[in-house]
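Participant: Each chain, written out:
Protein chains: 2
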Amino acid sequence: MSVTAAKGFTAAGIAAGIKESGNPDLALVVNTGPRRAAAGVFTSNRVKAAPVLWSEQVLKGGELTAVVLNSGGANACTGPKGFQDTHATAEKVAESLGLGAGEVAVCSTGLIGVLLPMDKLLPGVDAAVGQLSEHGGEKAAIAIKTTDTVHKTSVATQDGWTVGGMAKGAGMLAPGLATMLVVLTTDADLPSDLLDKALRAATRTTFDRVDSDGCMSTNDTVLLLASGAAQVTPEYAEFAEAVRAVCDDLGQQLIRDAEGASKDIRIEVVNAATEDDAVEVGRSIARNNLLKCALHGEDPNWGRVLSAIGTTKAAFEPDQLNVAINGVWVCKNGGVGEDREKVDMRYREVRITADLAAGSESAVIWTNDLTADYVHENSAYSS
Amino acid sequence: MSVTAAKGFTAAGIAAGIKESGNPDLALVVNTGPRRAAAGVFTSNRVKAAPVLWSEQVLKGGELTAVVLNSGGANACTGPKGFQDTHATAEKVAESLGLGAGEVAVCSTGLIGVLLPMDKLLPGVDAAVGQLSEHGGEKAAIAIKTTDTVHKTSVATQDGWTVGGMAKGAGMLAPGLATMLVVLTTDADLPSDLLDKALRAATRTTFDRVDSDGCMSTNDTVLLLASGAAQVTPEYAEFAEAVRAVCDDLGQQLIRDAEGASKDIRIEVVNAATEDDAVEVGRSIARNNLLKCALHGEDPNWGRVLSAIGTTKAAFEPDQLNVAINGVWVCKNGGVGEDREKVDMRYREVRITADLAAGSESAVIWTNDLTADYVHENSAYSS
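As given, the protein sequences belong to chains H and E, one line each in that order.
Quick note: the first sequence uses my numbering, first residue 1, plus one each step.
Quick note: the second sequence uses my numbering, first residue 1001, plus one each step.
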């Protein structure tokens, strides 16, 4: 399953000793071909980690043979030494597999501002190479976890070809272009420009609309590698839909495992003048701490939805706004609507619909509630 | 003290029964002249409460004789009936004092989306009028509290004239133009255009740079009333500085009493290319939930400062950023700086300095930490 569900890939996940806990912390994914086409999207945070700067460069050629990923340290804000460490990691993988370093992408996740323990990471690469297997996808998915409580994988199998992937991410989870660390693989045979097109289309409406805590990471990376091993070239639309489905599934898994969360909140903005307006309003609602606290307390506090909408530049008239929570239109025409007592808030999923009455565009943003557990998890220790 | 420190003002604060707790909930401030010049600034939230819409209109003439304020209900998102209620409140005050309704500003604070109990509020106006006194400033300040644990007042006395004021606000505290409810009074004799100029200059660098929880209210209002009773017309610069000092003091009192907060965080952005850049970066840092949790846990997690800076459009180079926490430069040139163990985090005030190395402009934004108490206070009941 995971990144080895598609033919033409091997993977491994091991404990290199980067994490003090001794948990798995190093993953390797290798494309055994025959093709090496690849695409990637990266964080739009302007403070980018060293592995993001490296992998962006490597991807420019449209090909990748291997991806090495570590948890236990983000290698972000680590200056020239951090970049040298990323480069050395790629060189080590290349040397072990008989490749050039320019065929190896690097991903890191963990605490910002700390150098990686290269004395543990580099021997770990050798150990991972020794364990590469067509069944290694799950172990790789486990090795990239940080505060994730479960590993995340997804597979879409079509007629003779497959798209699979793994993801990690539980906090600092508001990707601007991608999210956290995701590796997707396929055995379909497509050139890198179509991989890139399908990946950008998929992430734009999946990972990009996950906004768990409003905090954009320095390390977000989504990679898509194609081996061509299935010897099938699917229709582009069919392929793009499979990539989107896997991204959507992984994005949902990220939301369901977000740090400290007790509610998964689906915010659908409808009847917006533009899709950008719908996304802006959805994000503003998703980032309203007071609303997120209210929903944690199972309080359908729609006034906080309206105060969030009011901070945006989207087209709307305040006296035409309508808001439903779990299907009950508690706000109509900017004022009191149906009885808020009718809203059933007992379940983990909360659905908010914000009707801007300004057009026909829409967007869905996913977020979580704000809980004492989130505060505890992010104040009790550095992460 | 408070709004009655300046000559030419009376005030009252009473319990009208708007709050179920029976606590004081209705305040009245009256300018007894001889002048009636006034100015006001209001929330930039596009979803504005009925009293904001009313008071904005009233202020257009540059004069005010009375301000009536209620806690226990924001009268926001209450439709045409809510506006009628605000109008009726102003009419009632006008009738009781022999004024026109157009001389009366109205301010409300409390839960959004609920109509005010006018059967209690209107008789309360009569009761408040009956208790108007030159010593009523403190009672008025107490009557406008919601989740505030203390009432907030401030006075600046100059040579023969005075500026005084009161404020409330503890949550939904990220004013875009003003903050929560503030009434300032002066016995200096100045025309409304100079009051307006001084008030806008003062709020721009005081209340506007308080960002406790990133949530902008629908009801923010700051009013300044001048009685001329001191029969002194101060130099504009001297007057503007007194207004700024009172606004700054009240803004600090709001931060110190913010819901659930255990830290007051002063974020100074220096060496920015423009003041707008400095404010944008300061706000981005102030709104980063992960950083606010870390500071709650007394963890000088500067990586979260850099990830917040990276989401802005301000001019900077990532490898030239410097960050100090409580005077220790823990991040230099975008990487690891002085030992974070040197940072003493034991005190309530935390000082963050973010050096963008891109110019010579600066700005200070104040915020609070994010705590389990904030989550509890905003999830356990509607507010």
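To be clear, the hints were calculated from the coordinates, so they are not data collected in a lab.
Do not rely on the hints blindly, as some may be mistaken.
[Claimed, not checked] Simulated crosslink set (DMTMM-like; lysine to aspartate or glutamate; CA at most 25 Å straight-line):
no., chain 1, residue 1, chain 2, residue 2
1, E, Lys1007, E, Asp1189
2, H, Lys197, H, Glu275
3, E, Lys1060, H, Glu275
4, E, Lys1342, H, Glu338
5, E, Lys1313, H, Asp276
Predicted model only: the values in this text are computed from it and were never measured.
Participant: Run every hint past the structure and note whether it holds.
Facilitator: Hint check:
1. As the CA atoms of E:Lys1007 and E:Asp1189 are separated by approximately 11 Å, the hinted pair is consistent with the 25 Å bound.
2. Between H:Lys197 and H:Glu275 the alpha-carbon distance is near 19 Å, which keeps this suggested pair within the 25 Å criterion.
3. Pair hint E:Lys1060 plus H:Glu275 does not hold up; C-alpha atoms about 37 Å apart against a cutoff of 25 Å.
4. Our distance criterion of 25 Å between C-alpha atoms is broken by E:Lys1342 and H:Glu338, whose separation comes to about 56 Å.
5. For the suggested pair E:Lys1313 and H:Asp276, the alpha carbons sit about 18 Å apart, so the restraint of at most 25 Å is met.
Against the hints set out earlier in the document, violations occur for numbers 3, 4.
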